[in-house]
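Protein sequence lines, in the order shown, are assigned to chains H and S. Quick note on numbering: numbering that gives the first Met the number 0 labels position 145 of the first sequence as 144, and the sequence is numbered without any gaps. Quick note on numbering: numbering that gives the first Met the number 0 labels position 103 of the second sequence as 102, and the sequence is numbered without any gaps.
In short, the hints are calculated from the structure, not lab data. The structure presented is a predicted model; accordingly, all values stated were derived computationally and were not measured. Where hints are given, some of them may not hold.
Said to hold, decoys possible - DSS-like mimics (lysine-lysine), calculated; alpha carbons at most 27 angstroms apart, straight line:
#1 H:K310 / S:K32
#2 S:K42 / H:K118
#3 H:K236 / S:K32
#4 H:K151 / S:K32
#5 S:K236 / H:K23
#6 S:K118 / S:K310
#7 H:K32 / S:K236
#8 H:K42 / S:K151
#9 H:K134 / S:K134
As the list claims (entries may be wrong) - Negatives, chain S to chain H, calculated, CB over 12 angstroms:
#10 V105
#11 K106
#12 E110
#13 G130
#14 R149
#15 G157
#16 V165
#17 N185
#18 V210
#19 G211
#20 E290
#21 E296
#22 G321
#23 P335
Note that CB positions come from ideal geometry on N, CA and C, so glycine has one too.
Protein chains: 2
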Amino acid sequence: MNILLDAGSGGRASMRLIHELFFKYFENDILVKMDDAAYLEMKSPLAMSTDSYTVSPLFFRGGNIGTLAVHGTVNDVSMLGARPRYLSCGFIIEEGFSYEELEEIVKSMAESAKEAGVKIVTGDTKVVTKGACDKIFINTTGIGEIIPPRSKFGSPSGANAKAGDVILISGTMGDHGLTVMAERENLSFVSDVQSDSASLNHMIERLMLEVGEVHVLRDPTRGGVATTLNEIAGQSKVRCVLFEENLPVRENVRSGASILGIDPLYLANEGKLLCFVPKEEADKALAIMKEDKNGKEAALIGEVAELPEGKNGQVVLQTKMGGMRLLNMLEGAVLPRIC
Amino acid sequence: MNILLDAGSGGRASMRLIHELFFKYFENDILVKMDDAAYLEMKSPLAMSTDSYTVSPLFFRGGNIGTLAVHGTVNDVSMLGARPRYLSCGFIIEEGFSYEELEEIVKSMAESAKEAGVKIVTGDTKVVTKGACDKIFINTTGIGEIIPPRSKFGSPSGANAKAGDVILISGTMGDHGLTVMAERENLSFVSDVQSDSASLNHMIERLMLEVGEVHVLRDPTRGGVATTLNEIAGQSKVRCVLFEENLPVRENVRSGASILGIDPLYLANEGKLLCFVPKEEADKALAIMKEDKNGKEAALIGEVAELPEGKNGQVVLQTKMGGMRLLNMLEGAVLPRIC
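Isolated chain H, as found in the complex (with noise of 0.2 angstroms):
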């Protein structure tokens, strides 16, 4: 069965397609309301993220274009040392798509938000013509409230890293953006990876609660590793050094982006974070990453210092070898539609 237009038109066939679909899946006692608006309950302050996934291939191993608009919105409103609460998700379809394709990924939506604990409230679905959209689109925009922070500085932000930090990363690097690079390439040398696509807020929120001072909470997504920590280095004008004998990267990882050329700390990840607490807090909090099943590779990749004069913000390689290497932000892509 395919998706036609008229299923996008508020009509009958819209509500056809709400009802036999998204309510099914998505139920929960606000959304059914259907109401243009969702009313919600919530304390303030909150954290408000968005983000449109246009993911080729859809389905790929560890993930789909579902799991990862629900991982990655849960995600970016965690980063701010928030509990993500609510969901809205706007399709943008293609005609003639596959039902029980469009059905596979609104059900792994939904296991996906039941695992985060976040409810879809709201939604909004567009088919256009053929040609006018690669077979599906999905935002998901997601709000969350703000855990109170413990930290003298406030909740995290990319613009509180601080000189004496060190800086964990949460397990292994690349995975997301090898996988997808490789299914879509159809790259036999690249073996048994897998997306790392997975919801992070239940480790943030022990990170918030029981560790004193977390400075910078990132996911490093596009642009990975390298590009994530150029931003929060440009946002506090500090210098980062990373230690590249302590970066975690899965085996098979490593090999297959060697041969691609590209360095795993510029593919992207859908399922790390990066956290920023001074020394003392390292080891509370690397104990806490390695609790969750979503950490259990956590390690402590680098350290922050003060920045050379008349520099912006700067990110460093300290080698095997001893030497340093400067690491610049992600100049153009390595890859388009990694989410």
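Put chain S on the given structure of chain H with help from the hints.
Positioned in the frame of chain H, the structure of chain S alone reads:
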């Protein structure tokens, strides 16, 4: 100048687009923090709504995809009797899209947001390869603060229509739908029509504060007035009776629609609302609408009656000749990509 794939990579090219375009026009203290999520102080309860805009053509008389994306979501949030405060904005852009057109869209979004009194606080940009989307799609998601309702039934809802209510519309029907249709198909016999696209939140705020009982607010977009009333009739289990002679339609819309064989009751509106109030509140509500620049042609167009036994919600038109005609929900699509 054209938008390149790099601009959606999350790296330096993305940063340039964000700084040189989005920050320039949308600038506000929340957006420029550049964290994964926006930090918002708000009063609960909240209203949240999302819409993806895929309108074609992108520019039409009376607006463009950007103004529509602001007006449409501002209105959806407002329809819950809320004061919209913040919007997120997700762009999906086709590689090669004109930078100048994007700038025009972004600039007019900023103007529309300013007029409505909302801030665009968080965003996302994806650039997809040529042919993977038709020029540009925009998702906006809005949140607002519920205005404490004066009605004993609480905030306005499609489920709150009561027998004895009157049905008001804030102006003429079909202007947006016919305009987009005429521009897309180059219909020369349709002249001087223009979209009614506008934010209605200021009008709604006055209705909420000054009218004792506002039972239903809803904007008749896709599917038009007839489809929207069918939704409400179904949610509230009532019968809506429309008076044909009271229905406000511009003469050029009426004649253009007539040549096309389309009933303006099924044409999309983007700057109109339907409002259900008890009969004794009708004059006050109509006066408030007419004092607003977007409500000059407001009219009382019908009333709510008990549902005949065995029915699930019904909308009928009392014709000028005194007959009764059943108005069904739109079945298929009058026109895809109308918003």
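Consistency of the hints with the structure:
no.	hint	result
1	H:K310 / S:K32	holds (20 angstroms)
2	S:K42 / H:K118	holds (20 angstroms)
3	H:K236 / S:K32	holds (14 angstroms)
4	H:K151 / S:K32	holds (18 angstroms)
5	S:K236 / H:K23	holds (22 angstroms)
6	S:K118 / S:K310	violated (44 angstroms)
7	H:K32 / S:K236	holds (14 angstroms)
8	H:K42 / S:K151	holds (25 angstroms)
9	H:K134 / S:K134	holds (15 angstroms)
10	V105	holds (16 angstroms)
11	K106	holds (20 angstroms)
12	E110	holds (21 angstroms)
13	G130	violated (8 angstroms)
14	R149	holds (17 angstroms)
15	G157	violated (6 angstroms)
16	V165	holds (20 angstroms)
17	N185	holds (17 angstroms)
18	V210	holds (18 angstroms)
19	G211	holds (21 angstroms)
20	E290	holds (23 angstroms)
21	E296	holds (22 angstroms)
22	G321	holds (28 angstroms)
23	P335	violated (5 angstroms)
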